[in-house]
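Asker: One letter stands for each residue in the lines below.
Protein chains: 2
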Amino acid sequence: MTESLTAAYNQTKYKLGNHGKRDIRVLKEAFQDIEGQLESDRYGTGKIIEDFQAKMAALLGKEHAVFFPSGTMAQQIALRIWCDEQGFRKVAYHPLSHLEIHEEDGLKELHRIKTVLLADKSRVIGLEDVVNMEEGIACVLLELPQREIGGQLPSFETLWQISEYCRDKAIKLHLDGARLLEILPFYQRSAAEVCALFDSVYISLYKGIGGIAGAILAGDQAFIAKSKVWKRRHGGDLISLYPYIVSADYYYNLRSPKMGQYFEAAKELAALFNSCHGVSTLPLMPVSNMFHVHFHLAKEQAASVLAEVQQATGVGITSYLTEIDEHTCSCEISLGDLYAELPREVVIKAFRVLDEKMKQ
Amino acid sequence: MTESLTAAYNQTKYKLGNHGKRDIRVLKEAFQDIEGQLESDRYGTGKIIEDFQAKMAALLGKEHAVFFPSGTMAQQIALRIWCDEQGFRKVAYHPLSHLEIHEEDGLKELHRIKTVLLADKSRVIGLEDVVNMEEGIACVLLELPQREIGGQLPSFETLWQISEYCRDKAIKLHLDGARLLEILPFYQRSAAEVCALFDSVYISLYKGIGGIAGAILAGDQAFIAKSKVWKRRHGGDLISLYPYIVSADYYYNLRSPKMGQYFEAAKELAALFNSCHGVSTLPLMPVSNMFHVHFHLAKEQAASVLAEVQQATGVGITSYLTEIDEHTCSCEISLGDLYAELPREVVIKAFRVLDEKMKQ
Numbered sequence: 001m002t003e004s005l006t007a008a009y010n011q012t013k014y015k016l017g018n019h020g021k022r023d024i025r026v027l028k029e030a031f032q033d034i035e036g037q038l039e040s041d042r043y044g045t046g047k048i049i050e051d052f053q054a055k056m057a058a059l060l061g062k063e064h065a066v067f068f069p070s071g072t073m074a075q076q077i078a079l080r081i082w083c084d085e086q087g088f089r090k091v092a093y094h095p096l097s098h099l100e101i102h103e104e105d106g107l108k109e110l111h112r113i114k115t116v117l118l119a120d121k122s123r124v125i126g127l128e129d130v131v132n133m134e135e136g137i138a139c140v141l142l143e144l145p146q147r148e149i150g151g152q153l154p155s156f157e158t159l160w161q162i163s164e165y166c167r168d169k170a171i172k173l174h175l176d177g178a179r180l181l182e183i184l185p186f187y188q189r190s191a192a193e194v195c196a197l198f199d200s201v202y203i204s205l206y207k208g209i210g211g212i213a214g215a216i217l218a219g220d221q222a223f224i225a226k227s228k229v230w231k232r233r234h235g236g237d238l239i240s241l242y243p244y245i246v247s248a249d250y251y252y253n254l255r256s257p258k259m260g261q262y263f264e265a266a267k268e269l270a271a272l273f274n275s276c277h278g279v280s281t282l283p284l285m286p287v288s289n290m291f292h293v294h295f296h297l298a299k300e301q302a303a304s305v306l307a308e309v310q311q312a313t314g315v316g317i318t319s320y321l322t323e324i325d326e327h328t329c330s331c332e333i334s335l336g337d338l339y340a341e342l343p344r345e346v347v348i349k350a351f352r353v354l355d356e357k358m359k360q
Numbered sequence: 001m002t003e004s005l006t007a008a009y010n011q012t013k014y015k016l017g018n019h020g021k022r023d024i025r026v027l028k029e030a031f032q033d034i035e036g037q038l039e040s041d042r043y044g045t046g047k048i049i050e051d052f053q054a055k056m057a058a059l060l061g062k063e064h065a066v067f068f069p070s071g072t073m074a075q076q077i078a079l080r081i082w083c084d085e086q087g088f089r090k091v092a093y094h095p096l097s098h099l100e101i102h103e104e105d106g107l108k109e110l111h112r113i114k115t116v117l118l119a120d121k122s123r124v125i126g127l128e129d130v131v132n133m134e135e136g137i138a139c140v141l142l143e144l145p146q147r148e149i150g151g152q153l154p155s156f157e158t159l160w161q162i163s164e165y166c167r168d169k170a171i172k173l174h175l176d177g178a179r180l181l182e183i184l185p186f187y188q189r190s191a192a193e194v195c196a197l198f199d200s201v202y203i204s205l206y207k208g209i210g211g212i213a214g215a216i217l218a219g220d221q222a223f224i225a226k227s228k229v230w231k232r233r234h235g236g237d238l239i240s241l242y243p244y245i246v247s248a249d250y251y252y253n254l255r256s257p258k259m260g261q262y263f264e265a266a267k268e269l270a271a272l273f274n275s276c277h278g279v280s281t282l283p284l285m286p287v288s289n290m291f292h293v294h295f296h297l298a299k300e301q302a303a304s305v306l307a308e309v310q311q312a313t314g315v316g317i318t319s320y321l322t323e324i325d326e327h328t329c330s331c332e333i334s335l336g337d338l339y340a341e342l343p344r345e346v347v348i349k350a351f352r353v354l355d356e357k358m359k360q
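Here the protein sequences line up with chains A and B, keeping their order.
Counting from 1, position 325 in the first sequence corresponds to residue 325 in this note's numbering; the numbering is continuous, with no gaps.
Counting from 1, position 144 in the second sequence corresponds to residue 144 in this note's numbering; the numbering is continuous, with no gaps.
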């Protein structure tokens, strides 16, 4: 059934989420107007990488920024630098942090850093979680938005309070901002205003921005200098990173002005899901371009319903479902360029059909 | 003076070494005939990465191969896996190994692996170095050719003896084959025949092959499965590695048949250098596409001579010099596609001018 759900999704003419297929066209489009004579970066030096790093540092309001092949590498390194500086190897983050569940314990295996889990899996970290945490924490990592619970956010006031508390206690604060640009329309703040609350910041270049891969780590001069040494140790100081840099720059320019549009689309789409029988979104009201959809059916049943809806309407909702319990399953929706291409009447029809099928 | 040497080199019409500039054309050429619909790899899966890995495993005669963003990452991981399997964290390699001098001690800092240096800086590792090494070595790493001493090689018989000895003593043997394809014409062996002497093998995809970046690590099924876990821990399991994979495959197809041509060119060119007053190559007779050139002059003087020769003849010899002592400096030459574009009479004239200027 899951296979036919994937097949049904792949055959649809329209898709609710994302920017489009991750295929070679993503690279070809980014490079089509780039001069062939433009020289490669070379082990972290050269105009192509330095210009982009300076642009990202300015965006994030930090002294310096460095391009990394991945966020996994960038964030482990950030936490390691803060641990070394503080003199103890313990950090605190959410139980569903990317570092805790998607990185094969690199932080622990490579850096011997212990982790303390704040809050619980169902909610974001609040001020009280930070105030009540054990002693000897070198750095707190906050992920904004908290992806694995549908992309939830604390209020900006809570963020500010956590930042003040950490500064007061000399605890470093690191931002996992994989989707930082995506939350700015909700906070109604600039990237630099959010980043000012943090000692170091990571952003991803292939989520809302939709580049090929890559990440930026930003902070003060001394922090970034150390991060470059660790980047080499990790094997991330490649002779040429330009395929990622050129594409990141291209899609940043194209899509950073559209984050408000994606946010509005997410709110509209979540309302449509919530109007259907047996369907709800997490959060109910999105605070970024993403949310999770919960179908209150067993996974096999929901897969069957969604395959039918997608076949009948030509609208791609999801290619997969994750089981939550015997009676509930979910998928993630991230709004991108494709939603704007969807005719309004097609969307309305798709949700009418979904509502009907969910009732059966 | 060094700046004017670089400037003089950059202005020459011809170059002795390399394949050409590392600019965006390298990417554009590799992608020009690739269909836009071809799907990206995705976190190490998908046809684009799996096909190339299978091709490289077959080339190297190993069960499996995995694509890595860098050799730094691939080799640290190989040594870590063997250390874990053997139960002790100590490896042996040459004092000028890439891991010892170019990786900011990643092996020690990230993996807490101790290193024992074999042979001395002036020569390659021989059987007696391995036989006489201390106890408790999990793995010996051999770099073929030994780049930092001009690309020297042990005889194939010595390699075979070291391999037999290590197998007998249950010591793992890893090949740093950054330039493996480049030595096959000298050994008159297939890649698989050389790799059969080793438990694990790394090759680079941007040296003689001339791709954008990237590396292959090959070995048995269990070894490669573990390497993928470590690849994720290091932050090397990118969502998309295809910019490197597509270019590696393209330039592998283009240049792997030309390794014999590069080797012949290296021998011819080394003879020309050795015919000049105050110039010698290391090794005297190259065993791959590379060698070092020693100029028996102070670095400033040699830079001045070489800038003049390059300006006068339009032939690019080198853009830099490394000081060896007060009376000697050196550069590295790696033969690639460009040498074949050089008219014979231009080469001869360049070396006549070099010889004359070195006599003054």
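Calculated from the structure, these hints are not laboratory results.
The beta-carbon is built from N, C-alpha and C at its ideal position, and this holds for glycine as well.
Some hints could be false.
What the hints assert, rightly or not - Derived BS3-like pairs: lysine-lysine, alpha-carbon spacing no greater than 27 Å straight-line:
{"no.": "1", "chain 1": "B", "residue 1": "K90", "chain 2": "A", "residue 2": "K108"}
{"no.": "2", "chain 1": "B", "residue 1": "K226", "chain 2": "A", "residue 2": "K21"}
{"no.": "3", "chain 1": "B", "residue 1": "K114", "chain 2": "A", "residue 2": "K226"}
{"no.": "4", "chain 1": "A", "residue 1": "K13", "chain 2": "B", "residue 2": "K169"}
{"no.": "5", "chain 1": "A", "residue 1": "K108", "chain 2": "A", "residue 2": "K13"}
{"no.": "6", "chain 1": "B", "residue 1": "K13", "chain 2": "A", "residue 2": "K28"}
{"no.": "7", "chain 1": "B", "residue 1": "K90", "chain 2": "A", "residue 2": "K114"}
{"no.": "8", "chain 1": "A", "residue 1": "K108", "chain 2": "A", "residue 2": "K169"}
{"no.": "9", "chain 1": "B", "residue 1": "K28", "chain 2": "A", "residue 2": "K55"}
{"no.": "10", "chain 1": "B", "residue 1": "K226", "chain 2": "B", "residue 2": "K90"}
{"no.": "11", "chain 1": "A", "residue 1": "K228", "chain 2": "B", "residue 2": "K267"}
{"no.": "12", "chain 1": "A", "residue 1": "K90", "chain 2": "A", "residue 2": "K226"}
{"no.": "13", "chain 1": "B", "residue 1": "K90", "chain 2": "B", "residue 2": "K267"}
{"no.": "14", "chain 1": "A", "residue 1": "K21", "chain 2": "B", "residue 2": "K47"}
{"no.": "15", "chain 1": "A", "residue 1": "K28", "chain 2": "A", "residue 2": "K114"}
{"no.": "16", "chain 1": "B", "residue 1": "K55", "chain 2": "B", "residue 2": "K90"}
{"no.": "17", "chain 1": "B", "residue 1": "K90", "chain 2": "B", "residue 2": "K108"}
{"no.": "18", "chain 1": "B", "residue 1": "K357", "chain 2": "A", "residue 2": "K228"}
{"no.": "19", "chain 1": "A", "residue 1": "K228", "chain 2": "B", "residue 2": "K114"}
{"no.": "20", "chain 1": "B", "residue 1": "K55", "chain 2": "A", "residue 2": "K28"}
{"no.": "21", "chain 1": "B", "residue 1": "K121", "chain 2": "B", "residue 2": "K169"}
{"no.": "22", "chain 1": "B", "residue 1": "K121", "chain 2": "A", "residue 2": "K108"}
{"no.": "23", "chain 1": "A", "residue 1": "K267", "chain 2": "A", "residue 2": "K169"}
{"no.": "24", "chain 1": "A", "residue 1": "K28", "chain 2": "B", "residue 2": "K114"}
{"no.": "25", "chain 1": "A", "residue 1": "K28", "chain 2": "B", "residue 2": "K359"}
{"no.": "26", "chain 1": "A", "residue 1": "K47", "chain 2": "A", "residue 2": "K28"}
{"no.": "27", "chain 1": "B", "residue 1": "K108", "chain 2": "A", "residue 2": "K228"}
{"no.": "28", "chain 1": "A", "residue 1": "K47", "chain 2": "B", "residue 2": "K90"}
{"no.": "29", "chain 1": "A", "residue 1": "K55", "chain 2": "A", "residue 2": "K13"}
{"no.": "30", "chain 1": "A", "residue 1": "K47", "chain 2": "A", "residue 2": "K21"}
{"no.": "31", "chain 1": "B", "residue 1": "K169", "chain 2": "B", "residue 2": "K267"}
{"no.": "32", "chain 1": "A", "residue 1": "K114", "chain 2": "B", "residue 2": "K267"}
{"no.": "33", "chain 1": "B", "residue 1": "K108", "chain 2": "A", "residue 2": "K226"}
{"no.": "34", "chain 1": "A", "residue 1": "K114", "chain 2": "B", "residue 2": "K226"}
{"no.": "35", "chain 1": "B", "residue 1": "K121", "chain 2": "A", "residue 2": "K47"}
{"no.": "36", "chain 1": "A", "residue 1": "K108", "chain 2": "B", "residue 2": "K28"}
Stated by the list, open to error - Simulated coverage check for chain A against chain B, where a stretch passes if three residues somewhere in it have a Cβ under 8 Å from a Cβ of chain B:
{"no.": "37", "segment": "8 to 19"}
{"no.": "38", "segment": "30 to 42"}
{"no.": "39", "segment": "70 to 78"}
{"no.": "40", "segment": "99 to 107"}
Asker: All hints are to be evaluated individually against the structure, with a verdict given for each.
Answerer: So, going through the hints one by one against the coordinates:
no.: 1; hint: B:K90 <-> A:K108; in the structure: holds, 21 Å
no.: 2; hint: B:K226 <-> A:K21; in the structure: violated, 30 Å
no.: 3; hint: B:K114 <-> A:K226; in the structure: holds, 23 Å
no.: 4; hint: A:K13 <-> B:K169; in the structure: violated, 62 Å
no.: 5; hint: A:K108 <-> A:K13; in the structure: violated, 44 Å
no.: 6; hint: B:K13 <-> A:K28; in the structure: violated, 31 Å
no.: 7; hint: B:K90 <-> A:K114; in the structure: holds, 25 Å
no.: 8; hint: A:K108 <-> A:K169; in the structure: holds, 24 Å
no.: 9; hint: B:K28 <-> A:K55; in the structure: holds, 25 Å
no.: 10; hint: B:K226 <-> B:K90; in the structure: holds, 19 Å
no.: 11; hint: A:K228 <-> B:K267; in the structure: violated, 39 Å
no.: 12; hint: A:K90 <-> A:K226; in the structure: holds, 19 Å
no.: 13; hint: B:K90 <-> B:K267; in the structure: violated, 38 Å
no.: 14; hint: A:K21 <-> B:K47; in the structure: holds, 15 Å
no.: 15; hint: A:K28 <-> A:K114; in the structure: violated, 42 Å
no.: 16; hint: B:K55 <-> B:K90; in the structure: violated, 32 Å
no.: 17; hint: B:K90 <-> B:K108; in the structure: holds, 10 Å
no.: 18; hint: B:K357 <-> A:K228; in the structure: violated, 42 Å
no.: 19; hint: A:K228 <-> B:K114; in the structure: holds, 23 Å
no.: 20; hint: B:K55 <-> A:K28; in the structure: holds, 25 Å
no.: 21; hint: B:K121 <-> B:K169; in the structure: holds, 26 Å
no.: 22; hint: B:K121 <-> A:K108; in the structure: violated, 36 Å
no.: 23; hint: A:K267 <-> A:K169; in the structure: violated, 38 Å
no.: 24; hint: A:K28 <-> B:K114; in the structure: violated, 45 Å
no.: 25; hint: A:K28 <-> B:K359; in the structure: violated, 53 Å
no.: 26; hint: A:K47 <-> A:K28; in the structure: holds, 21 Å
no.: 27; hint: B:K108 <-> A:K228; in the structure: holds, 17 Å
no.: 28; hint: A:K47 <-> B:K90; in the structure: violated, 40 Å
no.: 29; hint: A:K55 <-> A:K13; in the structure: violated, 37 Å
no.: 30; hint: A:K47 <-> A:K21; in the structure: violated, 30 Å
no.: 31; hint: B:K169 <-> B:K267; in the structure: violated, 38 Å
no.: 32; hint: A:K114 <-> B:K267; in the structure: violated, 55 Å
no.: 33; hint: B:K108 <-> A:K226; in the structure: holds, 17 Å
no.: 34; hint: A:K114 <-> B:K226; in the structure: holds, 23 Å
no.: 35; hint: B:K121 <-> A:K47; in the structure: violated, 35 Å
no.: 36; hint: A:K108 <-> B:K28; in the structure: violated, 40 Å
no.: 37; hint: 8 to 19; in the structure: violated (count 0)
no.: 38; hint: 30 to 42; in the structure: holds (count 9)
no.: 39; hint: 70 to 78; in the structure: holds (count 6)
no.: 40; hint: 99 to 107; in the structure: holds (count 4)
Checked against the numbered hints given earlier, this structure breaks hints 2, 4, 5, 6, 11, 13, 15, 16, 18, 22, 23, 24, 25, 28, 29, 30, 31, 32, 35, 36, 37; the rest are met.
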